[in-house]
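Asks: If you're matching them up, the sequences are chains A and B in order. So in this note's numbering, the last spot in the first sequence is 374, and the numbers never skip. So in this note's numbering, the last spot in the second sequence is 374, and the numbers never skip.
Calculated directly from the structure, the hints in this document are not laboratory data. Hints are supplied without guarantee of correctness; some may be wrong.
Stated by the list, open to error - List time: in silico EDC-like cross-link candidates among lysine to aspartate or glutamate, alpha-carbon distance up to 20 Å:
{"no.": "1", "chain 1": "B", "residue 1": "K369", "chain 2": "B", "residue 2": "D313"}
{"no.": "2", "chain 1": "B", "residue 1": "K68", "chain 2": "A", "residue 2": "D41"}
{"no.": "3", "chain 1": "A", "residue 1": "K369", "chain 2": "A", "residue 2": "D297"}
{"no.": "4", "chain 1": "A", "residue 1": "K68", "chain 2": "B", "residue 2": "D297"}
{"no.": "5", "chain 1": "B", "residue 1": "K369", "chain 2": "B", "residue 2": "D358"}
{"no.": "6", "chain 1": "A", "residue 1": "K68", "chain 2": "B", "residue 2": "D317"}
{"no.": "7", "chain 1": "A", "residue 1": "K68", "chain 2": "B", "residue 2": "D41"}
{"no.": "8", "chain 1": "B", "residue 1": "K68", "chain 2": "A", "residue 2": "D178"}
{"no.": "9", "chain 1": "A", "residue 1": "K68", "chain 2": "B", "residue 2": "D313"}
{"no.": "10", "chain 1": "A", "residue 1": "K322", "chain 2": "A", "residue 2": "E33"}
{"no.": "11", "chain 1": "A", "residue 1": "K369", "chain 2": "A", "residue 2": "D358"}
{"no.": "12", "chain 1": "B", "residue 1": "K369", "chain 2": "B", "residue 2": "D326"}
{"no.": "13", "chain 1": "B", "residue 1": "K322", "chain 2": "B", "residue 2": "E59"}
{"no.": "14", "chain 1": "A", "residue 1": "K322", "chain 2": "A", "residue 2": "D145"}
{"no.": "15", "chain 1": "A", "residue 1": "K369", "chain 2": "A", "residue 2": "D313"}
{"no.": "16", "chain 1": "B", "residue 1": "K369", "chain 2": "B", "residue 2": "D273"}
{"no.": "17", "chain 1": "A", "residue 1": "K369", "chain 2": "A", "residue 2": "D317"}
{"no.": "18", "chain 1": "B", "residue 1": "K322", "chain 2": "B", "residue 2": "E33"}
{"no.": "19", "chain 1": "B", "residue 1": "K68", "chain 2": "A", "residue 2": "E59"}
{"no.": "20", "chain 1": "A", "residue 1": "K68", "chain 2": "A", "residue 2": "D10"}
{"no.": "21", "chain 1": "B", "residue 1": "K369", "chain 2": "B", "residue 2": "D285"}
Only a predicted model underlies this, so the values are computations on that prediction, with no experimental measurement involved.
There are 2 protein chains.
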Amino acid sequence: MTDLRLTPLAASLPSTVPFVGPEAQERARQATFDARLGANESVFGPSPRVAEAMARSSIWKYGDPENHDLRHALAAHHDIDAAHIMVGEGIDGLLGYLVRLFVGPGDHVVTSLGAYPTFNYHVAGYGGTVHTVPYADDHEDPETLFARAAETNAKLVYLANPDNPMGTWHDGSALTQALRTLPSGSVLVLDEAYIDCAPAGTAPALDPHDPRVIRMRTFSKAYGLAGARVGYAIGHPALIDAFNKVRNHFGMNRAAQAGALAALQDQDHLAHVLAQIDDARARITRIAADNGLTAIPSATNFVAIDCGRDGAFAKSVLDGLIARGIFVRMPFAAPQNRCIRISCGTPRNLDALARALPRALKAARGG
Amino acid sequence: MTDLRLTPLAASLPSTVPFVGPEAQERARQATFDARLGANESVFGPSPRVAEAMARSSIWKYGDPENHDLRHALAAHHDIDAAHIMVGEGIDGLLGYLVRLFVGPGDHVVTSLGAYPTFNYHVAGYGGTVHTVPYADDHEDPETLFARAAETNAKLVYLANPDNPMGTWHDGSALTQALRTLPSGSVLVLDEAYIDCAPAGTAPALDPHDPRVIRMRTFSKAYGLAGARVGYAIGHPALIDAFNKVRNHFGMNRAAQAGALAALQDQDHLAHVLAQIDDARARITRIAADNGLTAIPSATNFVAIDCGRDGAFAKSVLDGLIARGIFVRMPFAAPQNRCIRISCGTPRNLDALARALPRALKAARGG
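For reference, chain A alone in the conformation it holds in the complex (with noise of 0.2 Å):
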């Protein structure tokens, strides 16, 4: 050892995560933490009625490797064929296997610079070549991007709306007007996640024949499940069938399967939490301002509040909530990277947070 007989490519790749998880940072820390604000999950849960759609799973059955009751029921809710619908491992699954059908050595694709690493993770590992589009004002910049997909011939353009790490969002009558520009060969890859806690009319109202553009969902913000490792797209039936040739189709997980369909089942527990989300953006709102600090208006489950100096003074202010038990994140990419990001809490968490603020941003300015 340790000749691994790697390809190339991946004996080039690092041995990278693209988060450390609250766990890790838990244990070298030696403490757990008080509230846990920096995933984007949702502390206020799921429906009642997903844990017990999970226990009555018969978690010794392989999954249905077709997803068909979640599929059909996906396709009810949306009123659209089961056909334009792939259910797998969350985003993050479903986006490894879409760039794995696309995106090879010498593709090349666009994203925003700062927005989901996840994403750039898996171009990296199939070989393809990342470019990159500023924010304009802390939005991304549909236009933009499409305009550095022409030309770099990119095969996968991606846009978060509602974005992640910002929190800001496009009016979908704004990204239908933006598509006009997508270059002929470009696939959109739509990643909405958050849209379920933002404004109406946020998703662009598609044709889901289009095969310019691939959305894609998931029951792990709104819905309370990210441990549960659900997401789905939606799109032309010829992309969707795609998936087949690539997934674990035994991939997911059985209780899962059952869950997201209650969770789907059971809006009137959505529009509660989206009740709760909407309190905690306000009270966050508030906290940054007590603080002498500016919210950024969010479309999402989070909130990036600018700390209004560099990323190196936000990173010390991060550093100072996580040190007092509140885990958050910040943006990775100057200049959004003067924010930090508190992912929606319950009042007793931004209670934690508001008492913890004010100290981290004195640590922070040295005093």
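Following the hints, complete the assembly by docking chain B onto the known chain A.
Replies: Structure of chain B alone, referenced to chain A:
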């Protein structure tokens, strides 16, 4: 549409599924199966502690991407360091990652003709070439597999011990002996999915620092957690760490992590299940004999029954069982496809098998 700009490799792949699931078969026949004896699941179910652990797992949180607690519990269980262990989304998921790390166009692997098709699916999916070696007297044939690996400069050699679909096995000492002929540069993928069901001494006593072997284990079989998707690999730390280059770091279901840990910690339940598996194997063997057929001795949670004629006849018997509400499967390749494969069931499941088999045989023989 539909000029998808897939990679040339992806474009060349069929949209296949390695196995059609029983749910799809139930939908097609518009009736549920009376006995689910086709997927080598454990009808005896997991430890009762599993359900409690899963319910307590806070599914709204993402799972720990390091699988720390489960990995360390497994390390203690096997008396090795956690650096030798990678946890993944079932052996299927881990095989996919392993093949991705090693195999691209122009690379070769060796397996037995008719062995686990999901390994072949992954190899084809990454553009590699599969070379096969026939079974020898219904056993996988390590020496011949390794000789073929030498001829083909194979990067990976797949060997299941005990074997699926035949249920046969080699003593660990015989494998250790055979390993001397594994060519330099080939890694043995030793699939031990069924090892818990096998006689003592079936698992070879390997040095976990041996870079030539990676072992695969699972919670899907004797531990009764097929639907949870939890497998693990044991190997050299450099090989284990290579998974971090490509795996879906947040791909593990959090309830599954907790459930697998609880299952591991209830070895009494495992022993109880193994006794039930023993009884079921004996009962299936008797049912075969009662019908003038021969059961092949098994070290797994299933039994292959030799139907005494060719593959077409066995398929006819299998179809007859399915038509009578008994879900079973059969080997793919001749001459093993003279058999049908029956998973261990409850006494009630096997009563149903005992009733259906004579009728299925009679129908297959032309009435």
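Asks: Now tell me, hint by hint, if it's right for this structure.
Replies: Checked hints:
This hinted pair checks out: B:K369 and B:D313 have alpha carbons roughly 15 Å apart, not beyond 20 Å. Restraint check for B:K68 and A:D41: satisfied, since their Cα atoms lie roughly 14 Å apart, inside the 20 Å limit. Taken as a hint, the A:K369 and A:D297 pair is honoured in the structure, with Cα atoms around 14 Å apart against an allowance of 20 Å. Between A:K68 and B:D297 the CA atoms are separated by roughly 29 Å; this puts the pair beyond 20 Å, and the hint is violated.
Proximity of B:K369 to B:D358 is assessed by CA-CA distance (about 18 Å); at most 20 Å being required, the pair is judged to hold. Between the alpha carbons of A:K68 and B:D317 the distance comes to roughly 30 Å, so the proposed pair goes past 20 Å and is violated. Our distance criterion of 20 Å between C-alpha atoms is met by A:K68 and B:D41, whose separation comes to about 14 Å. With a CA separation close to 30 Å, the supplied pair B:K68 and A:D178 exceeds the 20 Å bound.
For the hint pairing A:K68 with B:D313, the CA-to-CA distance comes to about 26 Å; that exceeds 20 Å, so the pair is violated. Pair hint A:K322 plus A:E33 holds up; C-alpha atoms about 18 Å apart against a cutoff of 20 Å. Using a Cα cut-off of 20 Å, the hinted pair A:K369 and A:D358 holds, with the two alpha carbons roughly 18 Å apart. Our distance criterion of 20 Å between C-alpha atoms is met by B:K369 and B:D326, whose separation comes to about 12 Å.
Taking the CA atoms of B:K322 and B:E59, the gap is about 41 Å. The hint is violated against a cut of 20 Å. Distance restraint check for A:K322 and A:D145: the Cα-Cα separation of roughly 18 Å lies within the 20 Å cut-off, and the hinted pair is therefore satisfied. About 15 Å separates the Cα atoms of A:K369 and A:D313, which keeps this hinted pair within 20 Å; it holds. Between the alpha carbons of B:K369 and B:D273 the distance comes to roughly 44 Å, so the proposed pair goes past 20 Å and is violated.
Distance restraint check for A:K369 and A:D317: the Cα-Cα separation of roughly 16 Å lies within the 20 Å cut-off, and the hinted pair is therefore satisfied. Of the pairs offered as hints, the one joining B:K322 and B:E33 holds, with about 18 Å between alpha carbons and a cut-off of 20 Å not exceeded. Distance restraint check for B:K68 and A:E59: the Cα-Cα separation of roughly 18 Å lies within the 20 Å cut-off, and the hinted pair is therefore satisfied. Distance restraint check for A:K68 and A:D10: the Cα-Cα separation of roughly 39 Å exceeds the 20 Å cut-off, and the hinted pair is therefore not satisfied.
Of the pairs offered as hints, the one joining B:K369 and B:D285 is violated, with about 28 Å between alpha carbons and a cut-off of 20 Å exceeded.
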